[in-house]
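Given the coordinates of chain A, assemble chains B and C onto it according to the supplied hints.
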Amino acid sequence: MTGFELPIAFFLLCNLIVALLAAARGPTAADRMLTALLFGSTGTGVLVLLAYGGAGQVLVDVALLLALLAAIGGIAFARRAWQRGRDD
Amino acid sequence: MIDILSAVLQIAGAFFYFAGTLGLLRFPDVYSRLHALAKADNLGLGCVLIGLALQAETLAGSLKLLLIWPLALAASAGVSYAIACRADSLGVAPWRKEKH
Amino acid sequence: MSLEFAFDLLLALAMVWSAWRSLYATRLDRAIVMFIAFGLLMALAWTRLLAPDIGLAEAAIGAGLTGALLLDAYGALQRKKI
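Chains as they are written, first to last, in the working numbering: chain A, 1 to 88; chain B, 1 to 100; chain C, 1 to 82.
Pulled out of the complex, with its shape left as it was, chain A reads as follows (with noise of 0.2 Å):
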């Protein structure tokens, strides 16, 4: 580990919080699935970081499924959820 691990893994979490804050008022549905679609990439991005910085490979296989899960979510937002709104 080079140090900068938990520093970087502060900076995406900071990052995730104000797109978060974003995604409770974005303009359209798809904005705000676009939204929680980015914490899936951050979040996974965050728990490599995590495990090389201390906290033990077990982490890895927890964002391997976040990578794999945060695509099933956009696809059915996509497919089944998102009609034409109120608001779109």
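Hints are computed from structural coordinates only; laboratory data are not their basis. Beta carbons are placed, not taken as given, at the ideal position from N, Cα and C, and that holds for glycine. Treat the hints with care, as some may be off.
Here's a subset of chain A near chain B, in silico, CB distances under 8 Å, partners left out [said to hold, decoys possible]:
#1 F4
#2 L6
#3 A30
#4 L37
#5 T42
#6 G56
#7 V60
#8 L68
#9 A70
#10 G74
#11 I75
#12 R79
#13 W82
The following block gives chains B and C in isolation, referenced to the frame of chain A:
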């Protein structure tokens, strides 16, 4: 040497994540926001994963990290295609600069 | 204040805020997106609490499958209304 390269790649990854978040907040329509999201997914995660794979102790550990990347690439491409296709069929018009 | 403590504090605040938003959102789709975000933060919190196996289950069930099922149910409700 490897430590410096690894730190530089991690910082580059953090920069791409930041640029992706900023683009997601500032871009004007769904299609360009998809573009920003794909940057954070592919380049940000890719740089972080390569940077960490350089300092893994075993070859298996580093290959496992590098295998997350193609998975994220395929997932991001599939989701972007599905959302853009759906937006197009719902009639969301791409953003254009206003003419003066 | 060490960096790890700041990380945990920020995570806890974000979890409380997203749980509150998910319960009190006026529209269902906003509540679902906030629920997905809450599941992801919960998975991060379990790994910070040194329980990565529960984090694995939470990432699979909470953020992934329940989110997809809720989005599907929301789409079915919308189709029924039209």
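Any hints this thing doesn't respect? Which numbers, in order?
2 and 6
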